[in-house]
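Residues per chain, in single letters:
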Amino acid sequence: MDVRAQLVMVFNLDKCIGCHACSLSCKNIWTDRKGAEYMWWNNVETKPGVGYPKKWEDQEEFKGGWVADGQNLRLKAMGKGPTLLNMFFQPNMPKLEDYYEPFDFDYGNLYGAKGGDDQPVAEAFSQISGEKMAHIKAGPNWDDDLSGSQVYAAEDVNLEDRKIIEQYSTMFMQYLPRICNHCLNPACVASCPSRAIYKRGEDGVVLVDQEVCKGWRFCTSACPYKKVYFNWNSGKAEKCIFCFPRTETGQCNACAHSCVGRIRYVGVLLYDAAKVEQALLKPDNQLVEAHRAVILDPRDEAVREGARKNGVPEQWLEAAEKSPVYALVKEFGLALPLHPEFRTMPMAYYIPSLSPVLAAGGELHELVEHGTIPPRESLRAPIGYLASLLGGGNREVVAAALEKLIALRIHMRAKNLNQPPDEAILARAGLDEAGAGRLYRLFTVGGYNERNIIPPQQREDLDSHTRKGASGFGILKKTGRGK
Amino acid sequence: MLNTLIFVVLPYVALALVLVVTPYRFFSNRLGWTAYSTQFLERRTLYWGINPWHYGIILILLAHLAGIVAPGVMKRLLGNKDALIFLESVGLGLGFLALFGSIILLLRRANSTTLKRLTLVSDWVLLLLLITQTATGVYISLFMRWGSQWYLHTVVPYFYSLISFNPQLEYMADFPLIFKLHAAGAFLIVALLPFTKLVHMLYQPFTFLKDPPILYRWQSKPKERVG
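Keeping their order, the protein sequence lines are chains X and W. Residues in the first sequence are numbered from 896 upward in steps of one, following the working numbering. Residues in the second sequence are numbered from 69 upward in steps of one, following the working numbering.
Take these hints with a grain of salt, some might be off.
[What the hints assert, rightly or not] Quick list of simulated restraints, FRET-style, between CB atoms:
#1 E1291(X) with K184(W): 55 to 61 Å
#2 W192(W) with Q1181(X): 54 to 60 Å
#3 N967(X) with S96(W): 40 to 46 Å
#4 Q1210(X) with T181(W): 51 to 57 Å
#5 M269(W) with G976(X): 28 to 34 Å
#6 Q236(W) with Q1022(X): 53 to 59 Å
#7 E1291(X) with F274(W): 42 to 48 Å
#8 M269(W) with Y1006(X): 47 to 53 Å
#9 Y207(W) with R1090(X): 39 to 45 Å
#10 Q217(W) with D964(X): 44 to 50 Å
#11 W192(W) with Q1022(X): 21 to 27 Å
#12 T90(W) with K975(X): 24 to 30 Å
#13 V1052(X) with R213(W): 57 to 63 Å
#14 F263(W) with D964(X): 40 to 46 Å
These are computed hints drawn from the structure, not numbers from a lab. Quick caveat, the model's predicted, so the values are computed rather than measured. All C-beta atoms in this analysis are idealised placements derived from N, C-alpha and C, irrespective of residue type, glycine included.
Please work from the sequences and hints to get the whole structure.
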């Protein structure tokens, strides 16, 4: 057993309202720079949709992630030898048009335009070339709320039947906020010829060493989530840093902090690093279970002993015990990994969303009359779609999570109405009274300090002089092309 | 005078710059140590420029290096007429490939407003210098036949005289101007290397080839436990 700790984020999709507050706070802090205008380390997509960059989930096109090849895991795109032969031209790398050409508006013209017959306008211009853009053809969220669904949402690779979003009667949508997953088996790390990308041993955050990166661009293609970006100004790769300057000082990530729907939970998971590779060799539909098997119980004395041996501090063990992430991912089995079949073992988990019922007018009326919460089978979002997104194709794990959410609602509704709660409903979904109480708190009234349990970093254990020297952040040296 | 400049002053200046500026740049600020790829912004033309260029020029450079590193082996190898003809033809082909690639790369930058905005003076200088260098190389290979053979008896001994700080100009003095241009270009490129994006050449993937796939860095125990 090789026990390591990881900071993990859980997203409760049932509560995401798609407001993009997370994206904006992230953008304002980290990517409001030359070369990074097009980057959204955190973005929110409408599902079904093609996402950002367009069709990132389609690994036939981008060749990201890993494939289980009999007894071995290998990068889908290329091995080490072919990597070196493709250093000059990276065949699978997404291009600017797959994201969008970043633009701004010439507001100065509103004040500085010469007198004339027409009102001056603030024309759009490209933030890369500086040229005027007559037509803006794409943006970071071009297909928000199913806009242009015939063109965009219909291309979603998770859809079994594209007709479903072409008709109002069967259409559905939900939001999917995404950050870097800080995977346990990161393809970006494995594919970097410069060995510039690494996983921090203490908290598992995946970072690009800007001094070592030479801009070979293999990480941008290898990441199946397309969460490593190429900065066209600095000529190097950049990615979400899990707000480590914030978590190191006890604050939660900017995206989680600014979340209006309070859908995000940040906490510690303990995992067995020795079992990761074996777990990833399992077939697609067993991967969710395999994920859960790699995560260790922080209350187990053997696990705690193993963790201590690996230098995990006591405060981290304490945080792991209280971790909302452990509860949601392992104890309750509610949170599922995004596209586990990419086999990077992503460390961001998603609680699937319930959706409105699929019903004609009359039936709906009947439901309202009877005052019941509709059964899972009547939800609009097809279970196959959710399973493709969050279950590696395994419908049962998604269904089980949805059943728990529904049982919890029925239970809490009865409680609120002072009706006798039906224990059998909870039990059938695999919950009990205490568990339901805990989930209810986490989902509703739980405050900042319940949703985010971030232990002090090991940096705090260092002596203050060493720490001062090591904790600087922000790049002060000259970077980029200096033009 | 010209000979002294090209064959004595220039090489030693280039060598001094590489030895002094490269480590200085490495230790002071490596944030600009990259190839500054523009594939993200334009990839269609790049494919036809960058691949011919690199595959052509790397093999040609290796051939130049082989003569210096192992002159004996090369002499024996090129004593065989068939081997000589084969090597010369392949070399010429690679030369044309590199020339084609580099010209495409120049045209690509010149024809794109986006790329022009990102291109520094040093990029233009490098591109023009590399094209000139490749063109003179192709010319020499075409019109001064059996270069791989006489290279071993002129340039290589001159090179050894350079290394032993006893430059012997007589090896080079009687060559035509075009050859002297080729030599001057080579030293100039070496001199510019530490100042430009050419530093991306100074990179070795050995750790990548032998290390385990997932790299961990521990702050608490910086040296041990990679993996």
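Here is how each hint holds up against the structure:
1. E1291(X) with K184(W): 55 to 61 Å: Once the Cβ atoms are compared, 56 Å apart, the range 55 to 61 Å for K184(W) and E1291(X) holds.
2. W192(W) with Q1181(X): 54 to 60 Å: Because 56 Å falls inside the window, the suggested range holds.
3. N967(X) with S96(W): 40 to 46 Å: Holds: the Cβ-Cβ distance is about 42 Å, inside 40 to 46 Å.
4. Q1210(X) with T181(W): 51 to 57 Å: At roughly 55 Å between Cβ atoms, T181(W) and Q1210(X) fall inside 51 to 57 Å, so the hint holds.
5. M269(W) with G976(X): 28 to 34 Å: Check failed, 20 Å falls outside 28 to 34 Å.
6. Q236(W) with Q1022(X): 53 to 59 Å: holds, 56 Å
7. E1291(X) with F274(W): 42 to 48 Å: About 47 Å separates the Cβ atoms of E1291(X) and F274(W), which means 42 to 48 Å holds.
8. M269(W) with Y1006(X): 47 to 53 Å: holds, 49 Å
9. Y207(W) with R1090(X): 39 to 45 Å: holds, 41 Å
10. Q217(W) with D964(X): 44 to 50 Å: Cβ of Q217(W) to Cβ of D964(X): about 49 Å, so the range 44 to 50 Å holds.
11. W192(W) with Q1022(X): 21 to 27 Å: Holds - the Cβ-Cβ distance for W192(W) and Q1022(X), about 23 Å, lies within 21 to 27 Å.
12. T90(W) with K975(X): 24 to 30 Å: holds, 27 Å
13. V1052(X) with R213(W): 57 to 63 Å: holds, 58 Å
14. F263(W) with D964(X): 40 to 46 Å: holds, 45 Å
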